[in-house]
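Engineer: Chain residues, written in single-letter form:
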Amino acid sequence: MGKRLLTCSVMALLMGTGGLAAQETLTIGVADALTGGAAVYGLPQANSVEMAAGEINAAGGISVGDQTYMLDVIVYDDKANPTEATNAVRKLIDRDGVKYLLGFCCSGATGAVASFIGYEDAVMLVGNAAERSITTQGLTNLVRTRPPADYTGAAAGAFVARQGHKRVAVLGALETSFYASYVEAFEEEFAQAGGEVIAHEVFASKDRDMSPQLTKIRAMSPDALLVVGYVEPAAFAYRQATELGMDIPRYGFTSGSEEQFLRVATSEQMEGVWDLRPTELTLQSATEAGLAYHANYTERFGDAPSPSSPYAYDQAWALKHAIEAAGTVDDTEAVAEALRDLQVFPEAVMQYLPVDGKMFDANGQAYTANGAFQWQDGHWVFVEELPSDPAAYSEFLSSLD
Amino acid sequence: MKRGNILLLIVLMLFVALPQLITVKYYLHLSILALIWVIMAQGQNLIQGYTGYVSIVQAGFMGIGAYSSALMSTNLGLPVSATIILAPLVTALFALVAGYPSLRVKGHYFAIVTLAFNMVIFIVLLNLTDLTNGEAGLSGIPKPGNGRGATIDFYDRQVYYYFVLTIAVVMTALAAVIVRSRVGQILLAIRQNEDLVASVGVAAWRYKLFAFVVSAMFAGLAGALYAHYQSFINPEIFSVAQSLDAILAVIIGGSGTLTGPVIGAFFVVFLPEYLRFADSFRLILYGLILVLATIFMPRGIVGLAHDLKTRFGSAR
Amino acid sequence: MTEILQQIINGIAIGGVYVLIALGLTIVFGILGIAHFAHGSVSMFGGYLTFFLVVQQGLPLVLAIAIALVTGMVLGVLIELLAYRPLRNANHINAFIVALGLTMMVEGANLQFFGAEQIVIPTNASRVFDIGGLTLPELRLYVILGAAVLIAAMTIFVEETKTGQAIRAVAENRDAAILMGINVQMIPLVVFAISTALGVAAGVMVGSLFAIAPGVGEGLVVKGFAVLILGGLGSIPGAVVGGIVLGVTEALAAGFISSAYKDVIAFIVMIAVLLLRPQGLMGRA
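Chains as they are written, first to last, in the working numbering: chain A, 3 to 403; chain B, 93 to 408; chain C, -17 to 267.
Since the hints were derived computationally from the structure, they do not count as laboratory data.
Warning: the hint list may mix true and false statements.
Stated by the list, open to error - A short, non-exhaustive set of chain C residues, derived as facing chain A with CB atoms under 10 Å:
1. A98
2. L191
3. G237
Claimed, not checked - Label-pair ranges, simulated between beta-carbon atoms:
4. A:D403 to B:G239: 48 to 56 Å
5. C:T105 to A:D249: 19 to 27 Å
6. C:F95 to A:A294: 29 to 37 Å
7. C:P260 to B:L185: 44 to 52 Å
8. C:Q38 to B:L396: 42 to 50 Å
9. B:T258 to A:A221: 42 to 50 Å
10. A:A221 to B:N238: 56 to 64 Å
11. C:A134 to A:G166: 24 to 32 Å
12. A:E190 to B:L185: 33 to 41 Å
13. B:A397 to C:L127: 52 to 60 Å
We put the CB at the ideal spot given by N, CA and C, even for glycine.
My request is simple: use the sequences and hints to build the entire structure.
Structural biologist: Okay, here's the thing in structure tokens:
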């Protein structure tokens, strides 16, 4: 009785406000690192999902048949920790009744969730987490906007070989598997061009003194250095290399911003360093959607967006389009299928390279262009696009299990 | 004594009825984690509460148990029920190697050396990528039983709950047996005055090593149960921070008691849920709780309850 | 040969930082028998504060360091009075658990005030000296010299001054010290002030030569305790020798054995010393 009364009054309220189509709320969940070391990646992702939801709602929400759904976002902090991420997603699914999960900046936490998401009535959209195995498990209800690290590593290997180097020393966070897979793919391409990786030195995420490793590398006199790892330690590797008087070309895969590097090293110490990475959000190579994203984000959060944050922004829009294509919010299987069928949409900020005309390939993996950036006079300058072959990589990815 | 037994029975029945009382499945998930932590905390309590040595390597041992059980089941194809039993034995071997040098130092320095071992275990788990897959971790770890949809389906969280509950009860009973035995008495004596124990001709180090290894086996078992429940593990979960949580569980619950670790385990698993509003202050709050509890409530919640009982009891 | 010498130079700077941390730990242990685990986080607080004063408030570096040192000393005294003193007569295990709790509080406060991103204290020292193929960055030289001066000052203080003698007397025999009329309530406060000042100095060095971030302090304090075990508990010369040995061992291990396992190798050295010479390299048997 009471319930019916309530429904009636809600109906009346909706009629009164002039809504013709019935309007409902679709709650989506974000699990991401909001605190801790990985918050640098996670927090901007969570922000950008909220921003995208706001924009989608302002543009009239998601229409399914004659229903319109307004998005409501619940955000939980997973601290990039696997147990916390499992708890956060369990809570979203079991308690909050959420079926669409976004965010996911970091590989450990994402891997933990991916290990059980296949059995849930939910769709998971992964962002910045670069570990390859996330999209090799054949999970039909998972897609990822960021390409795996080795996709970029192969392009980087070919690029460095073309610069005429024969002997390259690697220094990096090789215990982190997506960095290791970048190096592995790099090495393969590089070897095909007749090059050789002569050293694999390691630094841990908390190391800030790489001079012992660099001294060892210096004694081997390589043609070039490749630094692979998070920006915080990587910046020290570049600085200490110059301090040890190594004036060989330095390449890297760090995706660090100018401020992050300048906090550690002077611009002179950074001069000429290359960063070989997915193009992501760089103003020089940005499309109209990218420029608008940058402006809106900066206005809304008072801070420039991180280069990788659009991976999450694009998730929200991809979800909108997939739900509309599937014509249902309840049938997650249909929505997951529609995601696999999606074409790249105009709101996308990252520059996706479609495979077979589709944004996500059969593995649920999206690909962006890769770029070579160089530090010149205190700035990262986009020099050229790295030749990448998403179709071939997609096939390779399907061959893994 | 009899009243104690009735109380024990009521608590046990409460635990058995719990899945039926929980409407939101999420809390069942947390309860399973808390029961795993009960085993962890009972182990920590043996070395910390009863023997008086703060070990900061329990999470590392949990990791050894988790990885060895996961690897034995996936790589060697052993049945999960067997690897869960084998995991604590593997952990015990490592604990023997770590315990021998660690126990040559007393008090604070034992704590530091064990902490160093936790760091070593962490670094090795991270870098032994061929075996452990490094930071990305192991996923798809199988569950016990005959897979999905079997008569007893361990993928059903209720089933796993009762599975872990049974083991937690058995391990708590085992801890009780150890504590009440002659060995337990010697451990208590070591906590009171180690020099005195040595002076009467008891080889204290043997008993300390025993307590250390047994506590490691508890942690290894907890790790195996964790691995097969979550189906995913990576080194992150077995870092020093988790060892500190084990210490917290014992202190808050009541060190040197059998009920203390049970209360403490639920405390450390559920407290973060209720501190979400103060997420950024969580570390400060945790630290403050630890400091204040140690200074003002050194016997934990159990001790506090005991004091209150005797106070009201005598007033009556 | 150049490579070995270069690696030794690489190791000495971080070794100097280890020595300063270990000195602070060893005097506290000598007097109070406490493993002051929060020492690393408190030291990093000093580094953070220096960064804040220089970057946000625009103070000159030297003034910022001075303020940080004094603030650190006050913090050290407060920790002794509020956290450790109430447990003076309790079981030693409780003092250690309080130390763990303090670590969480100070780490949490650092995170709250200064954020999760790494900070680097800006200096203008970016020159590099080249001596016969061996390179030595200017900043590393300052760190090594600074550590040497502080070690010398500390030694002179303990050996030559009246307060220093009182500290040694309490460390040797507390009861006898009371009979000699030494104010044993005051000594722990002095010791904590000195200890924290040394820690803050180390924090500034780490913050300018490397970086401060969450977890760095905890990592350093573990290294500091490893130094104590290497050198001998409560021994000042032991802390000096142990710190240098640990720093150089790490550099050589990373350079010649394995960079992934350099910390493991350092701990193995520590365990080996523990087994072969439990009293430490410089400790009395």
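Engineer: Please go over all the hints and tell whether each is borne out by the structure.
Structural biologist: Cross-check of the supplied hints:
1. A98: holds, 6 Å
2. L191: holds, 8 Å
3. G237: holds, 4 Å
4. A:D403 to B:G239: 48 to 56 Å: Violated, since A:D403 and B:G239 (Cβ atoms, about 19 Å apart) do not stay within the stated range.
5. C:T105 to A:D249: 19 to 27 Å: holds, 23 Å
6. C:F95 to A:A294: 29 to 37 Å: holds, 35 Å
7. C:P260 to B:L185: 44 to 52 Å: violated, 24 Å
8. C:Q38 to B:L396: 42 to 50 Å: holds, 44 Å
9. B:T258 to A:A221: 42 to 50 Å: Once the Cβ atoms are compared, 59 Å apart, the range 42 to 50 Å for A:A221 and B:T258 is violated.
10. A:A221 to B:N238: 56 to 64 Å: Holds - the Cβ-Cβ distance for A:A221 and B:N238, about 58 Å, lies within 56 to 64 Å.
11. C:A134 to A:G166: 24 to 32 Å: For A:G166 against C:A134, whose Cβ atoms are near 53 Å apart, the range 24 to 32 Å is violated.
12. A:E190 to B:L185: 33 to 41 Å: holds, 39 Å
13. B:A397 to C:L127: 52 to 60 Å: Taking Cβ atoms as reference, B:A397 and C:L127 lie about 58 Å apart, which means the hint holds.
Checked against the numbered hints given earlier, the structure breaks hints 4, 7, 9, 11 and satisfies all the rest.
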